[in-house]
Amino acid sequence: MLAIDCQGVNKQYGDKLVLDNINLAVPKGKIFGLLGPNGAGKTTLIRIINQITAPDSGTVTFFGDPLKREHISRVGYLPEERGLYRKMKVGEQALYLAQLKGMKASEAKKRLKYWFERFEILNWWDKEVQALSKGMAQKVQFIVTVLHNPDLLIFDEPFSGFDPVNANLIRDEILEINKRGTTIMFSTHRMESVEEICENIALIHESKVVVQSSLRELKNTYRNDSWEVEWQGLQLPTSWPQGISLERESNTGDARVLTFKAVDHGAIPELISSLMATGSVYALREKLPTLQEIFIERVTTKSSYHG
Amino acid sequence: MGKVNIIIRREYLTRVRKKSFLVITILAPILFAAVTLAPAAMMLLPDDERVIVVLDQPDILERWSGNEDVYLQYANPQNYTVDDLKAMIKEDDKFHAALFIPSGETWDPDFIANNIVFFSEGDVSMNVESVVKDRLQKQLTNEKLRVLGVDPELISGSKTTVSIRSIDISKEEETETSAAPKMAVGFIGGMVIYFFIFIYGGMVMRSVIEEKTNRIVEVIVSSIKPFQLLMGKIIGVALVGLTQLGIWVLLTTILISAISFFVLGEAMDPDKIAAGNMPNDEFSSALLTGLDFIGMVNFPLIIACFIFYFLAGYLLYGALMAAVGSAVDSETDAQQFVLPVSIPLILAIIVMMNIMTNPDHAILTWMSMIPLTSPIIMMARLPFGVPVWELLLSMGLLIVFVVISVWVAGKIYRTGILMYGKKPTFKELFKWLFFRG
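Residue numbers (our numbering), protein chains in the order written: chain A, 33 to 339; chain B, -13 to 423.
Hint data in this document are derived by calculation from the structure and do not stem from the laboratory.
Hints are supplied without guarantee of correctness; some may be wrong.
One-sided excerpt, in silico: chain A residues whose CB lies under 7 Å from chain B [claimed, not checked]:
1. G46
2. K48
3. N82
4. I84
5. F95
6. D97
7. K100
8. P111
9. G115
10. Y117
11. Q131
12. L132
13. K136
14. Y254
15. L278
Don't be surprised by glycine CBs; every beta carbon is placed ideally from N, CA and C.
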């Protein structure tokens, strides 16, 4: 089942086509990455899912039903442009935002206490927001986003502005929430930041979806028989097995990293044993292309078609 | 509707709970009452009695002893000289000043009038000077009349006071009327609406800009429609305005009646008014006219219309100001758009101030119909009586414009709040009207 299913979604602002026939399927219960450079149309698409704006044409379904106003209480959204009222107290403000999502005050208070305790920030309750640091305010924003136990959580550029410690904390919380069955959607232009946690991704470029698949499949499609071996030794073997060619050699600290292409995977053990004969092998791994690389390849080959 | 209520509640409570709101709301009526009543109260406060020593050689004052402010003591011209008088005020603090009236050689009234001198240490109080001068003028005039062979009694007997009553015959029952107090009521009504629209319209605008600069607005519109947020905000601020207005009316009424009762109690005493021995005739007659004209103006109608025009005018401009706030990133950027929006208001107030003396002027009639200026101009016209159909037409047009303005504002608002960075042009704002939700 799909959490979100967009079919032929178009959106135009004035003369500018912001979304061009977007088809997007976000599987239920998965972590989904909506990736692409700034200005590609990610935020507009997310605003459509959040019903902040409506598509000019096309349909969006939410867990099987056409998108309706009632659905907004089942979505949690942390926008890229996020903030809080500076002169309002933290607790009061969290309560206000929770009530806007349709929660009863008493229920919201109970859950807020739980989250504030979990993040060890209960003593902030009566502080004004302007007294908080940026990282502290972001914790509050995160709590408010997830408080009403939505079925779909959408984070636009979630890790921008977080310090590494908080970014990790938030990431772990998100993974935890996903384990309980909540569908997660990330939107970011920093592809490497979500690479390891997304199961499915869609790449958006210039208002169009250029790639959409599971991350594993995508990487399989784009694997190019590139391997890396970490090795320490004095002399490189003089000859390479059949089907293997050295591409690059670099030094990282003590070890040398050898990047090679293996047209014939069966020849890899032979390579390893010859390397072990002249030194020590610490690691061997297939070098899969990063999302960034796939994206760039995809975008440049596409434009070369047109060019 | 439930969510709009949550917005209204927050918008209302955050403002009403502010210290500045409390201070302004409570201080303003006190200041207002003070400004209204202070001059009146001052007039009634007894002055220190000033003693003046007088050397009246021609006996022109005829030993007049002065009034409650000034007491005149006479030195015998046979025993005292001007220098004695000067010495007296230097030695004795009891004397405020010395007045020297020379007789000259011929006792000519014109000579006397031009040679009277006050001696004092420091300045002679204005009050004393004017009291003495008035008396001298009167006495010298009578003296001259006598020289000319005219009986002063004859002159004072021939003096006539004219008082014109205006009767309004436009209604079946003829009513006593007077333009000045009506003008005052109209003027105050128009001014108050003007300021309220600016104050509360500005409040809405700042609130929109605040949400935009705090970057909270997108969080909120993911829970509630932008239009609902806008309406909640406008209604919340309107309630703040009504609360403030209510408290002001209440406090001012209480204060003025309390002060009138205690401080001016004596002045208001009907027996004294009847007996005519008021300390200050001008003041008491002003008070009486004030009481009179309350009957002349249809206050229930004016108050009802005030509430209507205040709310409708505020909605019209408040919505536009909200649209302005949504289109910009900071208050400084807003100025460029605020000016064109407020030009009709400023125009209205200028026109009102300049041609209020002619309430039937065609421009006033037109401007009381045009919705952008009608809240102010109609308030100014109301006390003079406005035909019912004109009033209804003005109100109807205003309602239509409020709906249009709120619609336009809603369109601009929902696009504007999510736009950061560059300041849009008017052309772009116009385009936003046609973006799909």
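Q: Quick one: which hint numbers does this structure break? Sort them smallest to largest.
A: Violated hints (numbers, rising): 2, 5, 6, 7, 13, 14 and 15; every other hint is consistent with the structure.
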